[in-house]
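Chemist: One-letter residues, chain by chain:
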Amino acid sequence: MHISDGVLSAQVLAAGWALAGVGTAVGLRKTDPDKIVRVAFASSVFFLASLVNVRIPPSSAHLSLLAPVGLILGWSAFPALLVALLLQALLLQFGGISTLGINAVNVAIPALLASLLFSGPIRRASGPWSAALAFAAGFGAVLLCAAQVAFILYMSDKGMMNVSYFVFAAHLPLAVVEGVVTLFMVSFLKRTAPDLLQGVDR
Amino acid sequence: MTKNRIVLGVFCGLALVFWAAPSALAHGTGYSRSNKAAVVLDFYYSTGETMSYTEFEVASPADPKVKWLKGRTDEDGRVAFVPNAPGDWTVAVFDDEGHRAVAEVNVTQEFLDGGNSAAPDVTPKAAAPQGLDLWLRCGLGVSLLFNVAAFVPLARRRAAKGV
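Chains A and W are the protein sequences, given in the same order. Residues in the first sequence are numbered from 1 upward in steps of one, following the numbering used here. Residues in the second sequence are numbered from 1 upward in steps of one, following the numbering used here.
Some clues are possibly wrong.
[Claimed, not checked] Some but not every residue of chain W turned toward chain A, in silico, with C-beta under 7 angstroms:
| no. | residue |
| --- | --- |
| 1 | T47 |
| 2 | R72 |
| 3 | G98 |
| 4 | H99 |
| 5 | A128 |
| 6 | G141 |
| 7 | V142 |
| 8 | L145 |
| 9 | F146 |
| 10 | A149 |
| 11 | V152 |
| 12 | R156 |
| 13 | R157 |
[As the list claims (entries may be wrong)] Output of the computed footprint for chain A on chain W, the stretches with three or more beta carbons under 8 angstroms from beta carbons of chain A:
| no. | stretch |
| --- | --- |
| 14 | 89 to 97 |
| 15 | 130 to 140 |
Hints in this document: simulated from the structure, not taken from any laboratory. Each residue gets a CB set at the ideal place from its N, CA and C atoms; glycine is no exception.
Construct the entire structure; sequences and hints are all you get.
Modeler: In structure tokens:
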């Protein structure tokens, strides 16, 4: 999901910046200033999660925790993830600067959809149902992100259609791992700090 | 008369064969060991894994826009090419997931003349910070995030006092 500079076409980059700008503006308007520390916390979690490598033979992948960030932040995920990606590009050499917009869209949209689709049902459900919904949120967020990356690579270079399928398939094991991690995180938060799953909207 | 025509035809045919012979001979192939100097680069991810079997492109200083050489890295994530002119060469490697690494190689005439014993000027680039540098950068990143977050209530408190 950290697409480097020089890979995508100018049109795709411009579209990414436009979408990221809109999402960030909406996210900033909806953020409750009294809950800004939660935004910083979730942004830090995403920033550090990329350093955690999961061994998936024959290679490895890194965590992203898109669904947990989305469940905690909702629309505020856009500015939080944009800032985290900027810091990753500047400090850790992950991704690029010109691709910041499109990378933010790739991760923020799955996080936001996880919040819109699963936040309410997870809060209302209990026991195995809550765990299943949390797994589905984590699993689906990663797959959606992978599908977006595959589509974006295809839009930049139609010759990459075959490898686009590969990108999607290669993320299936990671989606399972993220689903399990999301399941445990949500279960823990529901027991200890359920208000964190209420979002940070005004 | 017919016999003369047959002889003339055979003679013309043979003349045509010998005239076209250099082109015909070009269909054969051969090889020999080259003594030219090669540039060899290793590409890898921040996890330590090599960028195996990923596409690469080499651009020469004569025309950076032209793909001078295209191919795939080998099993060990290695790219090898033989430059034919001094100057700044660019090697770009990109995988199927949007990751891209670019290496700048400064090739001197001395390297071209010196065979494999000389080394081209390559400034290595780490895939990501390592060790203490990595943890310091992580700490800086998290600190920046919380400092930005702390600025918001401070600004609101000052604005409220101002009212």
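Chemist: Decide, hint by hint, whether the structure agrees.
Modeler: Each hint tested on the structure:
Taking 7 angstroms as the C-beta contact cut-off toward chain A, the hint placing T47(W) at the interface holds, the least distance being around 5 angstroms. The interface hint given for R72(W) is broken, as the beta carbon of that residue sits about 12 angstroms from the closest beta carbon of chain A, more than 7 angstroms. Contact between G98(W) and chain A, as hinted, is supported at the beta carbon level, the nearest pair being about 3 angstroms apart and thus within 7 angstroms. Interface hint at H99(W): satisfied, since its Cβ lies 5 angstroms from the closest Cβ of chain A, which is below the 7 angstroms cut-off.
Hint status for A128(W) relative to chain A: holds, with the closest Cβ pair at about 5 angstroms, below 7 angstroms. Taken as an interface hint, G141(W) checks out: its beta carbon lies about 4 angstroms from the nearest beta carbon of chain A, inside 7 angstroms. A hinted interface residue such as V142(W) counts as satisfied when its beta carbon comes closer than 7 angstroms to some beta carbon of chain A; here the least separation is about 5 angstroms, so the hint holds. Here the hint on L145(W) is kept, as its CB sits about 5 angstroms from the closest CB of chain A, short of 7 angstroms.
Interface restraint check: F146(W) against chain A, minimum CB-CB distance 5 angstroms, threshold 7 angstroms, status holds. At a threshold of 7 angstroms, the smallest CB-CB gap from A149(W) to chain A is about 3 angstroms, leaving the interface hint in force. Checking V152(W) against chain A by beta carbon gives a least distance of about 5 angstroms; that is within 7 angstroms, so the hint holds. A distance limit of 7 angstroms between C-beta atoms decides the matter here; for R156(W) the minimum to chain A is near 6 angstroms, and the interface restraint holds.
A cut of 7 angstroms between beta carbons decides the hint on R157(W): the least distance to chain A is about 11 angstroms, and the hint is violated. For the stretch 89 to 97 of chain W, the assignment as covered by chain A holds, since 4 residues bring a beta-carbon within under 8 angstroms of that chain's beta-carbons and 3 suffice. Restraint check on the stretch 130 to 140 of chain W versus chain A: 4 residues with Cβ-Cβ distances below 8 angstroms, three needed, restraint holds.
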